[in-house]
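These protein sequence lines are chains A and B, in that order. Just so we're aligned: 10 in the numbering used here is position 10 of the first sequence, and the numbers increase by one with no gaps anywhere. Position in the second sequence counted from 1, then plus 110, gives you the numbering used here.
I should point out that these hints are in silico values taken from the structure, not numbers from a laboratory. None of the values given here were measured: they were computed from a predicted structure. Just so you know, even glycine gets a beta-carbon here, dropped at the ideal spot from N, CA and C. All clues stand as given, with none of them false.
BS3-like, lysine-lysine: derived pairs with alpha carbons at most 27 Å apart:
{"id": "1", "chain 1": "A", "residue 1": "Lys93", "chain 2": "B", "residue 2": "Lys174"}
{"id": "2", "chain 1": "A", "residue 1": "Lys93", "chain 2": "B", "residue 2": "Lys152"}
{"id": "3", "chain 1": "A", "residue 1": "Lys42", "chain 2": "B", "residue 2": "Lys151"}
{"id": "4", "chain 1": "A", "residue 1": "Lys56", "chain 2": "A", "residue 2": "Lys67"}
{"id": "5", "chain 1": "B", "residue 1": "Lys176", "chain 2": "A", "residue 2": "Lys42"}
{"id": "6", "chain 1": "B", "residue 1": "Lys174", "chain 2": "A", "residue 2": "Lys2"}
{"id": "7", "chain 1": "A", "residue 1": "Lys42", "chain 2": "B", "residue 2": "Lys124"}
{"id": "8", "chain 1": "A", "residue 1": "Lys42", "chain 2": "B", "residue 2": "Lys152"}
{"id": "9", "chain 1": "B", "residue 1": "Lys165", "chain 2": "A", "residue 2": "Lys93"}
{"id": "10", "chain 1": "B", "residue 1": "Lys165", "chain 2": "B", "residue 2": "Lys176"}
{"id": "11", "chain 1": "B", "residue 1": "Lys151", "chain 2": "B", "residue 2": "Lys130"}
{"id": "12", "chain 1": "A", "residue 1": "Lys2", "chain 2": "B", "residue 2": "Lys151"}
{"id": "13", "chain 1": "A", "residue 1": "Lys93", "chain 2": "A", "residue 2": "Lys42"}
{"id": "14", "chain 1": "B", "residue 1": "Lys152", "chain 2": "A", "residue 2": "Lys2"}
{"id": "15", "chain 1": "A", "residue 1": "Lys2", "chain 2": "B", "residue 2": "Lys176"}
{"id": "16", "chain 1": "A", "residue 1": "Lys93", "chain 2": "B", "residue 2": "Lys151"}
{"id": "17", "chain 1": "B", "residue 1": "Lys130", "chain 2": "A", "residue 2": "Lys42"}
If you anchor each label on the Cβ, the simulated ranges turn out as follows:
{"id": "18", "chain 1": "A", "residue 1": "Asp27", "chain 2": "B", "residue 2": "Lys152", "range": "19 to 25 Å"}
{"id": "19", "chain 1": "B", "residue 1": "Glu197", "chain 2": "A", "residue 2": "Pro81", "range": "32 to 38 Å"}
{"id": "20", "chain 1": "A", "residue 1": "Ile18", "chain 2": "B", "residue 2": "Ser119", "range": "34 to 40 Å"}
{"id": "21", "chain 1": "A", "residue 1": "Arg77", "chain 2": "B", "residue 2": "Gln220", "range": "26 to 32 Å"}
{"id": "22", "chain 1": "B", "residue 1": "Thr190", "chain 2": "A", "residue 2": "Glu57", "range": "38 to 44 Å"}
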Amino acid sequence: QKEVEQNSGPLSVPEGAIASLNCTYSDRGSQSFFWYRQYSGKSPELIMSIYSNGDKEDGRFTAQLNKASQYVSLLIRDSQPSDSATYLCAVKKTGNQFYFGTGTSLTVIP
Amino acid sequence: GAVVSQHPSRVICKSGTSVKIECRSLDFQATTMFWYRQFPKKSLMLMATSNEGSKATYEQGVEKDKFLINHASLTLSTLTVTSAHPEDSSFYICSARGLGLTNTEAFFGQGTRLTVV
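Next up, chain B with everything else stripped away, as it sits in the complex (with noise of 0.2 Å):
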């Protein structure tokens, strides 16, 4: 399958603080980028849909101007978590699909394992 990239794997942040997590398609161009969250032992909630040089499509009940997603090119999109707090601690996941692929596979990255202190 195609190679999506999610970095860091993990972080520990101070509440109150920022972190952005970066996904990157390696070997494809990804006209489309999702944003989960998981939470120990649920299933995958997405947060929003970005697409290439648009703005990103929350999820009804995410806050989009505490989860801020930057889609401006086509190998890379960033989730921001500003201002975290402890509840913000998740396993945060991006997929993407896009040209080079089938019409509809999406592929996911490594994840990122956010814990705010």
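So here's chain A without its partners, still in its complex pose (with noise of 0.2 Å):
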């Protein structure tokens, strides 16, 4: 079983949309969860940290957190074209490594 799990992709939604994103991960015990975007050649930038049971918003991003599920999203309004890129979903585990999902390209398009 993954560490982490995401949906490849490709997702593709419409400029103004709403971009849903979705992740489990394995280890129960896990405390922190983090999403990232990586643009094609480029290095993953932090985008949402959350830690705790809810939604957590940021500007037009909202990460949702459910412990019990195992369950963490990433919500994205009004959706951009510069938005497009690929999401990696993170997880750190009781430990000190952070492990990640394989990413969800997404496409917005215009």
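Please dock the two separately framed chains into a single complex, following the hints provided.
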């Protein structure tokens, strides 16, 4: 079983729509969860972190965490073409390591 | 966010030679550094975790004698790919976390594109 699983996509949404990205994790003891954005050929960039159950909003981004279901999601409102990228879900386990999902490729169509 | 600088950004080397990649934290002390590799259109694969002043912890399947990691100071970690082969060609990325950051965030270097010919 993979540590972190994501739907690889590709996911396409029209400009202005809501993009929904999902992630599940296997270690129930995980405490910290992150969403990174990676443009082609570039390094990942941290966009959201969430540590407790519920929603966390930052501008157009909302992260949602449900520890009972071992599920974390990212919503992008009013999607823009510049949001087109691969989105990586990352989980910090009870030790020190970060584990990443395979990433979901998002394309926002103008 | 915090700044992590990785050098070089691109390197081409001959098969059988060794290549060193540096990862520096510029505005914080990195108590922990992580090294990843990423193949095209694939996710990041954690290779090893290093804590300053101690030996790196390698993930299963990663050869520690081939991928030498040194984390001798709080601002610098190096990854040396020894006796490189074409199958070692990949995108290598470091990330760091430590003092002065929130307790769990990690920030990435720019990555190093290694091509072994």
